[in-house]
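Knowing the structure of chain U, use the given hints to seat chain L on it.
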Amino acid sequence: MAEVQQKEQGGGGKARQKKQTLRVDFTPMVDMNMLLITFFMFCTTLLKPQVMNITMPAIDQTNEENKNKIAESMAVTILLGANDRVYYYEGKPQNDEQYKDPNFLQVSDFTENGIRKILMRKNAGVFKQIQELKLKKTNGELTEEAYSQLTKDIQEKANKDLKAPNVQIKPTDLSTYKNMVDALDEMLVCNIGFYQIAELADGDRHLLYTKTGNIDYLTDELKKDIPQ
Amino acid sequence: MAKVHVKKHSTFIDMTAMSDVTVLLLTFFMLTSTFVEKEPVTVTTPYSVSEIKVPDVHKLTILVDTHGKIFFAMDDKELLKKTAVEVAGDYGISFTPQELESFNKIASFGVPIQGLKNFLNLKGSDQDKFMTEALKDTANMRVGIPNSDTEVRDVRGVVSSDNEFKRWVSHAKELGGDNLILAIKADQTTKYDVIKKVIDDMRKMRENRYLLVTNLRTASTTASSE
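Line order of the protein sequences matches chains U and L.
Note that the numbering used here gives residue 87 to position 87 of the first sequence, counting from 1, and the numbers run on in steps of one.
Note that the numbering used here gives residue 129 to position 129 of the second sequence, counting from 1, and the numbers run on in steps of one.
Isolated chain U (complex conformation) (with noise of 0.2 Å):
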C-alpha cells in the first residue's frame, strides 16, 4: 500500500519540478512484526535453568572409612522427613539414652528461621570471608576464577582446623525430591564446603521413629523388632 502522493503547485507555464513524497504505509510490517513477537513470547524462554553440580561418593567406597573421618563435634546429619519436615542433630548419639531420647531429635524446616539459621550459627566464620570474598568480586577486584580458588580455600581450612559443620544430609523415603534439592539449596546458601548424601542408618531410622511414632520411616526388616 505503498503510498505516492502527488501534489501539484502553481500552474505557470514554467515546466517544474514535481515535488514527491514518497510514504510507505508500515501498519502491514508492524501487523507482521507482532505476529513474530508473539510467537517469540510464547514458544521460547528467556530463563534457562540453573543446575547444581552434585557428586555422590563412589558406590564400592567403603563408607565406613569415609564416616570415621568426620570430627564428631563439627558433624550436622539433616534428616529429611514427611511433609517437608526436616529434622536434625549435631554430632552422633552416644547411647541408647540419647537414642531414646525424643530431644535430641530437633524439628526444623526450610524457611530463614529453619535450619539456615542453626548452619549459618555454625559456619559464622566461613560464612563471613565468603561474603567479604563476594563484595571483592562485584566491586572487580576479583576474577570468577580467583573466587572460587578463594572460596575453596577457606571452606578446606576451616574444615581443617574444624571450624566448619560436616553435613550429612540424609533423605528418607518419605521425603520428595524437592526436599533433596532444597537442602543441597541450604549447602549453597551457608556456603558449607563438606556435605554428601548419605544414606540412612538403622540408628536413625529408629530416632525418627520415636519422635514423630510414624512406622514408615523403618524398614520391613526393623519393623519386626516394633513391638505391636
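It is worth saying that the hints were derived from the structure and are not from the lab.
One thing to keep in mind: the hints can contain errors.
Said to hold, decoys possible - Straight-line distance between alpha carbons at most 20 Å, and here's what the computed SDA-like set of lysine to any residue pairs gives:
1. L/Lys53 x U/Asn214
2. L/Lys191 x U/Asp173
3. U/Lys48 x L/His58
4. U/Lys48 x L/Leu26
5. U/Lys134 x L/Lys105
6. L/Lys105 x U/Lys117
7. U/Lys137 x U/Asp173
8. U/Lys48 x L/Lys191
9. L/Lys204 x U/Gln196
10. L/Lys38 x U/Met41
11. L/Lys196 x U/Met56
12. U/Lys117 x L/Arg217
13. L/Lys197 x U/Leu218
14. L/Lys38 x U/Phe42
15. L/Lys53 x U/Glu144
16. U/Lys134 x L/Lys197
17. L/Lys204 x U/Ile197
18. L/Lys191 x U/Asn214
19. L/Lys173 x U/Ile54
Claimed, not checked - Which stretches of chain L does chain U cover? Using the computed rule of at least three CB atoms under 8 Å from a CB of chain U, they are:
20. 25 to 33
21. 202 to 216
Here a beta-carbon is modelled for each residue, glycine too, at the ideal position from N, C-alpha and C.
For chain L alone, kept in the frame of chain U given last:
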C-alpha cells in the same frame, strides 16, 4: 447559510516509529531467548540459588516425572541414534533407516525398547497422542524407560540382571565419551526413592557426577513455594 467546513484530517498514521520498536523487540527476543523443548511430561523443577547455567551441548538429560517415569533427551541426535542402535542390538532389535530418521524429530522420548520400533513408525502427531493416552494411566508400562532390575536367562541359562535404563546410560557414555554430561531433571514432587533408584543405578556404573536441573529461586518463588 454558512457552511460548516469540517476539516478533513488524514487518518494516515505514521507507522514507521512503531515498526522500529517492534523490530527492536523482535531482535531482542530472537537473540536472548531459547526455544522451549517439547517434553512428553510437564516437569516442574525445584528452585535453587545456584547460578550455574545449564550447558548447551553434549548432555544426556534424564527426565523423571512425578510418578517416576523416565524419559531421555539428548541434544546430539547422531549420538542418540548410535546409542539407540546399540541398545536395540542388545535386545536383538534393529532399526530401518526411516526409523532412525525419525529420531531427528523427537526431542525426548521414553518408551521401552520393545515398543520403540512402533513408536518411531508413528507420525509426529500420533506420537504425541500415544504419549498423552498412555500417560493417563500412571501404572502404564508402555511409556517410560523401565529401570527395574529384571532377571533374564540367556540361551545358556545364565541368569543376569537386566536394566534397560542402565543400558541406555552406559551405551550413551561409551559412545559419547567422558565429557557427556548427565543431567537429571526431575519434578519437585517426585518421591525420593525414585530419584535414589536412578542415582544408585548410575553410581553402580561409576557415574558419580550429575547436574541437577533447577529453576532460579527468587524472592517471589520463595514466597509461593512456602
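Structure-based check of all given hints:
1. For the hint linking lysine 53 of chain L to asparagine 214 of chain U, the alpha-carbon distance of about 39 Å lies beyond 20 Å, and the restraint is violated.
2. Of the pairs offered as hints, the one joining lysine 191 of chain L and aspartate 173 of chain U holds, with about 7 Å between alpha carbons and a cut-off of 20 Å not exceeded.
3. Restraint check: the Cα-Cα separation between lysine 48 of chain U and histidine 58 of chain L comes to about 16 Å, which is no more than 20 Å; the hinted pair holds.
4. At most 20 Å may separate the alpha-carbon atoms for a hinted pair to count; lysine 48 of chain U and leucine 26 of chain L meet this at roughly 19 Å.
5. Proximity of lysine 134 of chain U to lysine 105 of chain L is assessed by CA-CA distance (about 44 Å); at most 20 Å being required, the pair is judged violated.
6. Under the criterion of a C-alpha separation no larger than 20 Å, the hint pairing lysine 105 of chain L with lysine 117 of chain U is inconsistent with the structure, at around 49 Å.
7. The suggested pairing of lysine 137 of chain U with aspartate 173 of chain U is violated, with an alpha-carbon distance near 40 Å, which exceeds 20 Å.
8. About 25 Å separates the Cα atoms of lysine 48 of chain U and lysine 191 of chain L, which puts this hinted pair outside 20 Å; it is violated.
9. Pair hint lysine 204 of chain L plus glutamine 196 of chain U holds up; C-alpha atoms about 17 Å apart against a cutoff of 20 Å.
10. Distance hint between lysine 38 of chain L and methionine 41 of chain U is fulfilled; the C-alpha atoms sit about 15 Å from each other, no more than 20 Å.
11. Straight-line distance between C-alpha atoms of lysine 196 of chain L and methionine 56 of chain U comes to about 11 Å, which keeps the hinted pair within the 20 Å bound.
12. Proposed proximity of lysine 117 of chain U and arginine 217 of chain L is supported: the alpha carbons are some 19 Å apart, at most 20 Å.
13. Between the alpha carbons of lysine 197 of chain L and leucine 218 of chain U the distance comes to roughly 18 Å, so the proposed pair stays at or under 20 Å and holds.
14. The suggested pairing of lysine 38 of chain L with phenylalanine 42 of chain U holds, with an alpha-carbon distance near 13 Å, which does not exceed 20 Å.
15. In summary, the hint linking lysine 53 of chain L to glutamate 144 of chain U is supported, as the alpha carbons are separated by about 15 Å, within the 20 Å threshold.
16. The suggested pairing of lysine 134 of chain U with lysine 197 of chain L is violated, with an alpha-carbon distance near 37 Å, which exceeds 20 Å.
17. Of the supplied pair hints, the one linking lysine 204 of chain L and isoleucine 197 of chain U holds, its CA atoms being roughly 16 Å apart against a limit of 20 Å.
18. Of the pairs offered as hints, the one joining lysine 191 of chain L and asparagine 214 of chain U holds, with about 17 Å between alpha carbons and a cut-off of 20 Å not exceeded.
19. The hinted pair formed by lysine 173 of chain L and isoleucine 54 of chain U meets the criterion: a straight-line CA distance of about 18 Å does not exceed 20 Å.
20. Residues of the segment 25 to 33 of chain L lying with their CB closer than 8 Å to a CB of chain U number 6, which satisfies the three-residue condition for coverage.
21. Figure legend: the segment 202 to 216 of chain L, annotated as covered by chain U; annotation consistent (12 residues with Cβ-Cβ distances under 8 Å, at least 3 required).
Of the hints listed earlier, those the structure fails to meet are numbers 1, 5, 6, 7, 8 and 16, in rising order.
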